[in-house]
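**Q** What follows is the residue order along each chain.
2 protein chains.
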Amino acid sequence: MPRPLYVTQPLLPDLEDVQSLLSEIWRTKILTNGGPFHERLENELRCHLGVPTAMLCNSGTIALLIALKLFDLPAGSEVITTPLTFAATAHAIHWNSLIPVFVDVEPETLTIDPASVEKAITKNTSAILAVHVYGTVCDLDALQSISDKHGVRLLYDAAHAFGTTVNGRPIGSFGDASVFSFHATKLFHTAEGGLVTTSRAIDREAIYFLRNFGIKNEEEVIAVGINGKLNEIQAAIGLLNLPRVQEERRRRAALREKYREFLKPIRGIRLQPEQRGVTSSEQYFPIVVDASVFGRSRDDLYFGLRKRGIYARKYFHPICTDFKPYQNYPIRSVRKTAYVNTVKSQVLCLPFYGGVDDEDIADIRDEFFVR
Amino acid sequence: MPRPLYVTQPLLPDLEDVQSLLSEIWRTKILTNGGPFHERLENELRCHLGVPTAMLCNSGTIALLIALKLFDLPAGSEVITTPLTFAATAHAIHWNSLIPVFVDVEPETLTIDPASVEKAITKNTSAILAVHVYGTVCDLDALQSISDKHGVRLLYDAAHAFGTTVNGRPIGSFGDASVFSFHATKLFHTAEGGLVTTSRAIDREAIYFLRNFGIKNEEEVIAVGINGKLNEIQAAIGLLNLPRVQEERRRRAALREKYREFLKPIRGIRLQPEQRGVTSSEQYFPIVVDASVFGRSRDDLYFGLRKRGIYARKYFHPICTDFKPYQNYPIRSVRKTAYVNTVKSQVLCLPFYGGVDDEDIADIRDEFFVR
Numbered sequence: 001m002p003r004p005l006y007v008t009q010p011l012l013p014d015l016e017d018v019q020s021l022l023s024e025i026w027r028t029k030i031l032t033n034g035g036p037f038h039e040r041l042e043n044e045l046r047c048h049l050g051v052p053t054a055m056l057c058n059s060g061t062i063a064l065l066i067a068l069k070l071f072d073l074p075a076g077s078e079v080i081t082t083p084l085t086f087a088a089t090a091h092a093i094h095w096n097s098l099i100p101v102f103v104d105v106e107p108e109t110l111t112i113d114p115a116s117v118e119k120a121i122t123k124n125t126s127a128i129l130a131v132h133v134y135g136t137v138c139d140l141d142a143l144q145s146i147s148d149k150h151g152v153r154l155l156y157d158a159a160h161a162f163g164t165t166v167n168g169r170p171i172g173s174f175g176d177a178s179v180f181s182f183h184a185t186k187l188f189h190t191a192e193g194g195l196v197t198t199s200r201a202i203d204r205e206a207i208y209f210l211r212n213f214g215i216k217n218e219e220e221v222i223a224v225g226i227n228g229k230l231n232e233i234q235a236a237i238g239l240l241n242l243p244r245v246q247e248e249r250r251r252r253a254a255l256r257e258k259y260r261e262f263l264k265p266i267r268g269i270r271l272q273p274e275q276r277g278v279t280s281s282e283q284y285f286p287i288v289v290d291a292s293v294f295g296r297s298r299d300d301l302y303f304g305l306r307k308r309g310i311y312a313r314k315y316f317h318p319i320c321t322d323f324k325p326y327q328n329y330p331i332r333s334v335r336k337t338a339y340v341n342t343v344k345s346q347v348l349c350l351p352f353y354g355g356v357d358d359e360d361i362a363d364i365r366d367e368f369f370v371r
Numbered sequence: 001m002p003r004p005l006y007v008t009q010p011l012l013p014d015l016e017d018v019q020s021l022l023s024e025i026w027r028t029k030i031l032t033n034g035g036p037f038h039e040r041l042e043n044e045l046r047c048h049l050g051v052p053t054a055m056l057c058n059s060g061t062i063a064l065l066i067a068l069k070l071f072d073l074p075a076g077s078e079v080i081t082t083p084l085t086f087a088a089t090a091h092a093i094h095w096n097s098l099i100p101v102f103v104d105v106e107p108e109t110l111t112i113d114p115a116s117v118e119k120a121i122t123k124n125t126s127a128i129l130a131v132h133v134y135g136t137v138c139d140l141d142a143l144q145s146i147s148d149k150h151g152v153r154l155l156y157d158a159a160h161a162f163g164t165t166v167n168g169r170p171i172g173s174f175g176d177a178s179v180f181s182f183h184a185t186k187l188f189h190t191a192e193g194g195l196v197t198t199s200r201a202i203d204r205e206a207i208y209f210l211r212n213f214g215i216k217n218e219e220e221v222i223a224v225g226i227n228g229k230l231n232e233i234q235a236a237i238g239l240l241n242l243p244r245v246q247e248e249r250r251r252r253a254a255l256r257e258k259y260r261e262f263l264k265p266i267r268g269i270r271l272q273p274e275q276r277g278v279t280s281s282e283q284y285f286p287i288v289v290d291a292s293v294f295g296r297s298r299d300d301l302y303f304g305l306r307k308r309g310i311y312a313r314k315y316f317h318p319i320c321t322d323f324k325p326y327q328n329y330p331i332r333s334v335r336k337t338a339y340v341n342t343v344k345s346q347v348l349c350l351p352f353y354g355g356v357d358d359e360d361i362a363d364i365r366d367e368f369f370v371r
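Chains as they are written, first to last, in the working numbering: chain A, 1 to 371; chain B, 1 to 371.
The set of hints was computed from the structure by calculation and includes no laboratory data.
Be a bit skeptical, because a hint or two may be false.
If chains are identical, the list can't say which one is meant, so a pair holds when it fits in one copy or spans any two.
Said to hold, decoys possible - Here are the simulated DSSO-like pairs of lysine-lysine, each with C-alpha atoms no more than 30 Å apart in a straight line:
{"id": "1", "residue 1": "LYS119", "residue 2": "LYS324"}
{"id": "2", "residue 1": "LYS216", "residue 2": "LYS307"}
{"id": "3", "residue 1": "LYS29", "residue 2": "LYS307"}
{"id": "4", "residue 1": "LYS314", "residue 2": "LYS29"}
{"id": "5", "residue 1": "LYS123", "residue 2": "LYS324"}
{"id": "6", "residue 1": "LYS216", "residue 2": "LYS324"}
{"id": "7", "residue 1": "LYS119", "residue 2": "LYS149"}
If you're wondering where the values come from, they're calculated on a predicted model, not measured in any experiment.
Construct all of the structure, not just a fragment, from the sequences and the given hints.
**A** Dropping the structure here:
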């Protein structure tokens, strides 16, 4: 049995191609600090994503740190975000000496709820950090209105939304800045890595400095930057993976259809909404399990799959407000009880990559019909 | 002419060996998140450096962020450090919501001056972050006394001191924690990378969590961590570089002797002190140029070498208190004028790696006798 089956498997370029690019690195002896492959990949990503500014980083976390730093938000001011996200989102706020304020999610999309955001705005709010969670696009118009109305920055954690477009407009061009992750678990990856995008070419320079310790030139250090450079070896892997993304996305789209086909009729299993005009990133395939209707809990399903060697992921569980450092942080909501506290026990991400075959699908399918 | 000649050149393992380890990574499909090579390298470094705790990171900067975070220093408290260091040292303090307090250096060693440290201690001081600059060891006893007396943490930035021992004791075992850099410019490197060491095995767990977003297990996130993992590809390069360090160090030691031979008699050129009982890291070869005696300034020498295609480095110039974010920070000193403000215009690091040959040395030597 070709088990265990994990939630994802990384794209891997041909080793021969890797070797050929490594030879080039070994020849020039340029291993990092914005070398030629770093520059080439950055250019290709700018074109691929259709944004004027796309700055490579060594992780999505560092990309978040830099994106927040870019706007010189006052220390101690509040950044409104969602608790249904990876730890890095909240932590990046903290590392910037800012305070995360958690608000509820919309039940249908599981993205941050604009009404709850509006409710959480105070005179100390300096930014909103929204997340296109599972690649589902946030309510862009509503969030932009709130940002405009209150004069707060609007940033997007687009770690799950690589390549997504909304009515043809690239996801990385919305708000003041967006951040992508190129971790090995992501469709496009550089083993570890990240990206900051903005719709203004003028931001390139400031991000460039922040990524390299704030060093402007041999004589000047102008900001409290960090080491955000991606080394040449990882940039080379990115260059080889990028042309493979389309094919992998096509295979995942086919897998998505197969999943939808058998899951859609099952009462108590809710799928991601299909958003009009949105091209999918094909990053995750989450389902929401309503135990009272489906008859089995998310955790029960999770363990059932595990017994078959299938490692689905309770993603995101725990949510940020369950973390020890944020456990006393309330979740602001227009609801009496925050919906996110319900749904966190219901979400399950199924294995989702091109290598999942029909036998795997049949096995997963079977688990849904166990009674 | 085999120019330009830079201050350093990275060790590069045989590409065939790299390919063989990459095949292994491609087979397991484990690209990061503390895989087998990460673990192996960490074990080897622990033995190599002779410390109970040696935790790999993806950069020296992240290692600094984590080392400071480890001690839960109160936000807004002061960390005493030297301005004669790379930007990352001061920035890491800032990223931890702490305030850097800069003090003077000792004229002979260029390391932080304990008397000035003592003078800078206030009730808000929470730690000292000393730097073994150019691999010259700080006044360990004096700093430990101050740390003990005032109950403040003592951390070392040992980015330049990989492999140094003091009377047989490993440099990474002093103080509460030490941080190393494995950037490509360092003798031992992983292209980018870093390490946190401590003398207490018990610290491993906390650093492990901080390096992985504070995630303790599938159910608990216990701290505001960060992404500090080194990926498997870089760990593999580290595994191949580590056995080559001794040979490179031997070649650099020979180069050092050749430099010393022609530089020692030159009045107005001061060399690093030879510290009794200290084994050298062989990381840098700095000289201090006293223009009033030598007859030419550091900058003049720098440009003279450049004309020959030799890129020496004005390292560290500018110093941290020249950086825009720290330019209003005073330098505390027991002197009337801080010595570091004099020496910053006098230090020059000469090309220092095994590949510098006798012709290069002759060429560099010639520049010192130009009048």
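**Q** All the hints need checking, so say for each whether the structure fits it.
**A** Cross-check of the supplied hints:
For the identical chains of this complex, LYS119 and LYS324 are intra-copy neighbours only, at 25 Å inside a copy versus 38 Å across copies, given an alpha-carbon limit of 30 Å. Taking the shortest alpha-carbon separations for LYS216 and LYS307, only the inter-copy value of 24 Å comes in at or below 30 Å, while the best intra-copy value is 55 Å. Within a single copy, LYS29 and LYS307 get their C-alpha atoms only as close as 49 Å, which misses the 30 Å cut-off; across copies the closest is 22 Å, which meets it. Proximity of LYS314 and LYS29 under a CA criterion of 30 Å is satisfied inter-copy only: 22 Å between copies versus 43 Å inside one chain copy.
In this assembly of identical chains, the alpha carbons of LYS123 and LYS324 lie at most 30 Å apart whether taken from the same copy (27 Å) or from different copies (29 Å). Taking identical chains as interchangeable, the C-alpha atoms of LYS216 and LYS324 lie at most 30 Å apart only when they sit on different chains, with a minimum of 11 Å there against 38 Å within one chain. Only within a single protomer do LYS119 and LYS149 lie at most 30 Å apart by alpha-carbon distance; the minimum there is 13 Å, versus 50 Å between protomers.
The structure shown violates none of the earlier numbered hints.
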